[in-house]
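Chain order of the listed sequences is G and S.
Each residue of the first sequence is one higher than the one before, starting from 29 at the first, in my numbering.
Each residue of the second sequence is one higher than the one before, starting from 29 at the first, in my numbering.
Just so you know, the hints here were simulated from the structure itself, not pulled from any lab data.
Bear in mind the structure is a predicted one, so any value in this text is a computation, not a measurement.
One or more of the hints may lead you astray.
To be verified - For lysine-lysine, the following BS3-like pairs were computed, each having C-alpha atoms within a straight-line distance of at most 27 Å:
| id | chain 1 | residue 1 | chain 2 | residue 2 |
| --- | --- | --- | --- | --- |
| 1 | G | K197 | S | K137 |
| 2 | S | K197 | G | K197 |
| 3 | G | K86 | G | K147 |
| 4 | G | K387 | G | K147 |
| 5 | S | K355 | S | K387 |
| 6 | G | K366 | G | K348 |
| 7 | G | K348 | G | K186 |
| 8 | S | K387 | S | K348 |
| 9 | G | K137 | S | K407 |
Protein chains: 2
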Amino acid sequence: MQNFDFYNPTHIIFGKDRLASINENIPVNATVLITYGGGSAKRSGLIDKIKMALGNRKIYEFGGIEPNPKYETIVKAVEVVKNEQVDFLLAVGGGSVIDGTKFIAAASKFDGDSREILKGGYTPLPVEEVVPFGTVLTLPATGSEMNPTAVISYEHAKYFFSSPLLFPKFSVVDPTITFTLPQKQVANGVIDAFIHVTEQYLTFPVDGRVQDRMAEGILQTLIEIGGTSVSEPENYDARANHVWSATMALNGLIGCGVPQDWSTHFIGHELTAMFGIDHGQTLAIILPSLLVVRREQKRAKLLQYAERVWHIDTGSEEEKIDQAIQKTRGFFESLGVKTHLSEYGIGADKIPAIVEQLKAHGMTAISETGDLTLEISQKILESSM
Amino acid sequence: MQNFDFYNPTHIIFGKDRLASINENIPVNATVLITYGGGSAKRSGLIDKIKMALGNRKIYEFGGIEPNPKYETIVKAVEVVKNEQVDFLLAVGGGSVIDGTKFIAAASKFDGDSREILKGGYTPLPVEEVVPFGTVLTLPATGSEMNPTAVISYEHAKYFFSSPLLFPKFSVVDPTITFTLPQKQVANGVIDAFIHVTEQYLTFPVDGRVQDRMAEGILQTLIEIGGTSVSEPENYDARANHVWSATMALNGLIGCGVPQDWSTHFIGHELTAMFGIDHGQTLAIILPSLLVVRREQKRAKLLQYAERVWHIDTGSEEEKIDQAIQKTRGFFESLGVKTHLSEYGIGADKIPAIVEQLKAHGMTAISETGDLTLEISQKILESSM
Numbered sequence: 029m030q031n032f033d034f035y036n037p038t039h040i041i042f043g044k045d046r047l048a049s050i051n052e053n054i055p056v057n058a059t060v061l062i063t064y065g066g067g068s069a070k071r072s073g074l075i076d077k078i079k080m081a082l083g084n085r086k087i088y089e090f091g092g093i094e095p096n097p098k099y100e101t102i103v104k105a106v107e108v109v110k111n112e113q114v115d116f117l118l119a120v121g122g123g124s125v126i127d128g129t130k131f132i133a134a135a136s137k138f139d140g141d142s143r144e145i146l147k148g149g150y151t152p153l154p155v156e157e158v159v160p161f162g163t164v165l166t167l168p169a170t171g172s173e174m175n176p177t178a179v180i181s182y183e184h185a186k187y188f189f190s191s192p193l194l195f196p197k198f199s200v201v202d203p204t205i206t207f208t209l210p211q212k213q214v215a216n217g218v219i220d221a222f223i224h225v226t227e228q229y230l231t232f233p234v235d236g237r238v239q240d241r242m243a244e245g246i247l248q249t250l251i252e253i254g255g256t257s258v259s260e261p262e263n264y265d266a267r268a269n270h271v272w273s274a275t276m277a278l279n280g281l282i283g284c285g286v287p288q289d290w291s292t293h294f295i296g297h298e299l300t301a302m303f304g305i306d307h308g309q310t311l312a313i314i315l316p317s318l319l320v321v322r323r324e325q326k327r328a329k330l331l332q333y334a335e336r337v338w339h340i341d342t343g344s345e346e347e348k349i350d351q352a353i354q355k356t357r358g359f360f361e362s363l364g365v366k367t368h369l370s371e372y373g374i375g376a377d378k379i380p381a382i383v384e385q386l387k388a389h390g391m392t393a394i395s396e397t398g399d400l401t402l403e404i405s406q407k408i409l410e411s412s413m
Numbered sequence: 029m030q031n032f033d034f035y036n037p038t039h040i041i042f043g044k045d046r047l048a049s050i051n052e053n054i055p056v057n058a059t060v061l062i063t064y065g066g067g068s069a070k071r072s073g074l075i076d077k078i079k080m081a082l083g084n085r086k087i088y089e090f091g092g093i094e095p096n097p098k099y100e101t102i103v104k105a106v107e108v109v110k111n112e113q114v115d116f117l118l119a120v121g122g123g124s125v126i127d128g129t130k131f132i133a134a135a136s137k138f139d140g141d142s143r144e145i146l147k148g149g150y151t152p153l154p155v156e157e158v159v160p161f162g163t164v165l166t167l168p169a170t171g172s173e174m175n176p177t178a179v180i181s182y183e184h185a186k187y188f189f190s191s192p193l194l195f196p197k198f199s200v201v202d203p204t205i206t207f208t209l210p211q212k213q214v215a216n217g218v219i220d221a222f223i224h225v226t227e228q229y230l231t232f233p234v235d236g237r238v239q240d241r242m243a244e245g246i247l248q249t250l251i252e253i254g255g256t257s258v259s260e261p262e263n264y265d266a267r268a269n270h271v272w273s274a275t276m277a278l279n280g281l282i283g284c285g286v287p288q289d290w291s292t293h294f295i296g297h298e299l300t301a302m303f304g305i306d307h308g309q310t311l312a313i314i315l316p317s318l319l320v321v322r323r324e325q326k327r328a329k330l331l332q333y334a335e336r337v338w339h340i341d342t343g344s345e346e347e348k349i350d351q352a353i354q355k356t357r358g359f360f361e362s363l364g365v366k367t368h369l370s371e372y373g374i375g376a377d378k379i380p381a382i383v384e385q386l387k388a389h390g391m392t393a394i395s396e397t398g399d400l401t402l403e404i405s406q407k408i409l410e411s412s413m
């Protein structure tokens, strides 16, 4: 097991009818800015219920944060925070709204060019404090409700930043709030959570046994309930397990002391930025072909994955790995998500431009060991046609 | 899945050679009281290394906190904190030292009779703040390094209290620090962690799938590496997995949204209080016989336990459950821990007095459904002879 630090102070408020607890978790005299997305939270009456829970606090609203939130959009909320002396942010949405709110929280305390925050990666934020914020989760997928990380789009690229200052103070995670989501978003959410786990699990063994078992437990749960969560939106048990799997997939725990490989995300980000393919879809396209191309580097963990997650216990090593990859692809397709680039109308002729973008963004030596070159990314893309 | 809250802000600093990080995690001008136990931390040179890491801070020491720490002992440290204006506590030890330090942290900010804290259970502490504290873990067992709970002995009984104020600020969890532990303590530690998991897992199903898989993952890990952790004290991988299993067993996560049954602990506590049997040993005595007596109430989870943890896939339901209980007992015995009360020199004639103590401490309706009466406790004790 590798050395690690683990720190995660977000208070999770999980279950049915938990909105009232917002009141206890925001300072009584706070001026609150509610941030949200395209308007479904407004139309469904959720925003009104949240305002009721906030009681007499002064409230502002900032809607219109889009999927793959854009710097140009969210930077406008910073003005509201500064002008109206907002002292608490409440993100009502999925990963895009929460990620956007993390940017707003940091940028509102920063006097320089806020693109500096955007492009920060793991470097310390250029601020000592941020505006505190909570979340009401509406879409189980990214885990942003319990981590200090955000991905923001700017000029056709995705930028990532992370800081211990950016943990939500609390997150209300009520599975019933997600019942009205479109099927496609639920399916994408299952895949996003699934691949958050594989990025921290399908690498090489370091004898991190509890971490491996936890990762396998989340993967098995998603396989068991993913289809039901998509097809029976009001099945509480299935959705609750989906939601908690997604939160646990990316709150830092399963990544403790083990190698990580975010290559599927890095390659997938380019597909979203260039062609607007949904984040979850890009992962479903890339992961199966990445596993085919990287089977030697990932052999030991792929065998463990085949045996423990898919319960494949017959056949040669090669057959077990083949079956595991096929079953992975089959699982994504069973959720209604296509797994070939060509099925999204992208031809092989576009691959050189995608590789060019990876190069432009410095993705020339990715993977758990830094050995995944642009040439290998190209092979993965070719294999995903 | 049941509704739940999860909050755990302890910063875990895990791995080899992590003592230097103490310096970054305690305020520079703090006056520090180091608390420790019987003296092995002193003799091994660990306390000296910690003092080095603390640099020029003013340091006091309070040693002699015994296993099953006594109120009468730890209350003396409160005077040191108050008289010397100590503003940070650093617990160097296992669960007993850390639990004792939690009491010191709260009692030092309290002006009334500090036995009020001791007997508080889950009621809010009678203080608004506590003296902040960190820990350097020397014994993997109780999970106290990452939870806000303590058990303190007073007048031949054990008292429990818990408060969100009592999370350690940080815990240095370095498996190599535990290499010099006596085998018996390592074995007890494996059993303590194992039974922290079963208390949150062997109840009744509520479709908490990730929680179940995590619990099963910790149990399987302890079964896989427990023997090696005892017999090969300097096997880093085995010990690291043991240590992380023990921390994860009782940091609140596997208990999220599932029923809990602390009956084995409650009955075991009386055996420690009356006869001085080690905490881990009392659990090894009680759990197997409790499972025999409670097989109907726990049937569904016992079958799941048999299949997923012990991989028993043949035989009738009764045979599977029998085998799982036998294997559990066999595992404890394989670590060198006896599982029958008579093997500790306690005869059946003592059972009425034990039951009397359970009655005196209000343990008349325990278990996950509150249906475990004194009569059933008596049966469990008889079955454990």
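Hints that the structure is at odds with (numbers, increasing): 3, 5, 7, 8, 9
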